[in-house]
Amino acid sequence: MNKTNFLVSIKGFLNGFAQAMNHKATSQIAYEITEMEHSFALMLYGNFVGFPSPPMAIALELLPVMQGDLEKILTRASQTGNGLSELASVMGEP
Amino acid sequence: MSAVLIMVLAFAGYIIAYRLYGEFIGKKIFQLSNKNQTPAEEFEDGVDYVPTKKGIIFGHHFTSIAGTGPIVGPAIGVIWGWLPALIWVVVGSIVMGAVHDFSALIMSLRTQGKSISEIASQYISKRIRVAFFLIVFIELWLFLAILGMIIAVIFHMYPEAVFPVWMEIPIALALGYAVYRKNAHVVRTTILAVIAMYITVVLGHFIPMDMPMIGSMPATGTWTLILFAYAFIASTLPVTTLLQPRDYINAWELFIAMGLLIVGIIVSAFNGLSVVAPAVQSHPEGAPSMWPFLFITIACGAISGFHAVVASGTTAKQVAHEDDAMFVGYGSMLMEGALAVLVIIATVAGIGLAAKGDVGSVTGLAKWTEHYASWGSAAGLGAKVGAFVEGSANMITFLGIPKYLGIIIMGVFVASFAGTSLDTTTRLQRYVIQELLGANRVGATDSKSFFTNKYGATLLALITAGILAFSSGVDGKGALTLWPLFGANNQTLAALALFTASVYLKKRGGKGFLVTLLPACFMLFMTMWALILNQASYMAGGQVMLGVINIVIIAIVVFVAIESILALSKKQPVVATQA
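First to last, the protein sequences are chains A and B.
Under UniProt numbering, think of the first position of the first sequence as 1, with each following residue one higher.
Under UniProt numbering, think of the first position of the second sequence as 1, with each following residue one higher.
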């Protein structure tokens, strides 16, 4: 391996590591955003589970915009089950 | 014995094991196939399920599983000599730890990214879910109590490390503010933050902060209280404010420390680095017997049950192809084993090395004995962690870094890692408390219920940990008493994940389930043995609280064993396809 190839390899390794770090950082933020999305959805459509909702007109007006989010929430509810693993995954092992 | 030879042989062993045993497990036992859709492919939504490059997932997963455990465990475990610790770390991580992590990941991949508790409920019994949450609660409880004392002991032993560790907080806050609020360039800001952090390390030498004794409270006790107060604040803030930027800086710190250690070992090998510790020290004074305690003292560097929890979280939702699971699941555990090997070398060779320019100080076996003559020698846990800090500092002096600076760099590295772990563990424990209390009372999850809202649950997590931390004194020895309990509990979780994998493999037919069943039985046997010895010791010492916790863990181990045997003895239909 010549000097240039070696330096390119080192740069590639460092870039890969930096990308992984950024990925981890991003996933931590994404987790918090997800939590906020859940709160927002619950605030708007809490009626489904017995929570008081904002005026129906506002909730219905926002319903089409929330379609994608509601689909994601349903997927999470049926496939995840336990948030501890996700939390441990994004935060890291204690 | 040459330390560099140990490093080279261990690393070569890991590469060969990955190629041979890893491939065997992946291709023959779990029959990895890219034809099987991963959750990331099947449910791709750009948010939760995102197919990601395996190199990135590997880095993410590795930094998630590499915490304080692989440093502290081996640093204590070498008290029985370098050879047993090294064999356990290398062989254990290859045939148990990596198999455990990989099987948890692959099971999750084949059950739509479900978590290990869900998978265990599915394959063993629904009752196991309660045991799972209890194990996790006890694990986090013990670890919180230990972490506060580890940092407190480091602060007490190395007052020069106090300033840099606390200064990392404003640096992390500034990094977070610059990147998230001001859209600063990530790479440039990261470089600046890391440089700033190492500048504080240099300044730390001139600003040692020694905590005086307050009343009858020794420094370690005062630091523990301060750190718990910090943990309360840090873990109730949004993650982007402090935890995430601090974790980000720590990841770079880990990367730099590992690099310094590897290069330090190679360079100091030409300057007299050799193993000074005895190959085996069967009966160190006051220490529990090597069999079975070695296998629970070194948990994370060889096998850790919590890795299954991490692997079945977001990792399983982002692996793009099934083949990648080998590199991510099996490979990252071997990398953690490599980190544990570096810690072992620092504590059995680096500690006895005469640092560059250091004349007249105690070196060789005499220096090692200062730290490891007995279980409680010097300051118990502090002496063991100190052996890693000092051993590493000795080796990196040959890279031109003065010893005083090396000690601060390594002291800050361990303390910062433990600091982030303290914050993370508090958050996880808060979640577990909210789940446990919230699930059993109607309306308990609303903010009016004190112990299930963010602040109440956090307070409960810290108060219970504080009671435990101060139950056996505040001089650092208490944490050493708690460590075997933590290890036993963690290994119970590992056995549970391995039993789940065994049932899963048995369902698929053939004898392949033995690759997970044998490690599961080994871990369960060692854990039970250690717990019984623990119980005798706690009863003799009148340690009621530890005795009660120990009995609870014994009950869980028995429960896990019975449920697993029942699940394994059921006639399983052969499942040829995915899941």
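No wet-lab data here; the hints were simulated from the structure.
Accuracy of the hints is not assured; some may be wrong.
Claimed, not checked - Computed Cβ-Cβ distance ranges for the label pairs, DEER-style:
id	chain 1	residue 1	chain 2	residue 2	range
1	A	Glu-35	B	Gly-357	47 to 55 Å
2	B	Ile-233	A	Gly-46	37 to 45 Å
3	A	Glu-32	B	Ile-199	53 to 61 Å
4	B	Glu-285	A	Glu-37	51 to 59 Å
What the hints assert, rightly or not - Here are the simulated EDC-like cross-link-like pairs (lysine to aspartate or glutamate), alpha carbons at most 16 Å apart as the crow flies:
id	chain 1	residue 1	chain 2	residue 2
5	B	Lys-54	B	Glu-41
6	A	Lys-72	B	Glu-563
7	B	Lys-403	B	Glu-435
8	A	Lys-72	A	Glu-35
9	B	Lys-454	A	Glu-32
10	B	Lys-454	A	Glu-35
11	A	Lys-72	B	Glu-435
12	B	Lys-27	B	Asp-45
13	A	Lys-72	B	Asp-323
14	B	Lys-35	B	Glu-435
15	B	Lys-27	B	Asp-323
16	B	Lys-356	B	Glu-370
17	B	Lys-54	B	Glu-435
18	B	Lys-53	B	Glu-285
19	A	Lys-3	A	Glu-35
20	A	Lys-72	B	Glu-44
21	B	Lys-126	B	Glu-563
22	B	Lys-28	B	Asp-323
Ideal Cβ placement from N, Cα and C applies to all residues, glycine included.
task = Output the numbers, in ascending order, of every earlier hint that fails for this structure.
result = 2, 3, 6, 7, 11, 12, 13, 14, 16, 17, 18, 19
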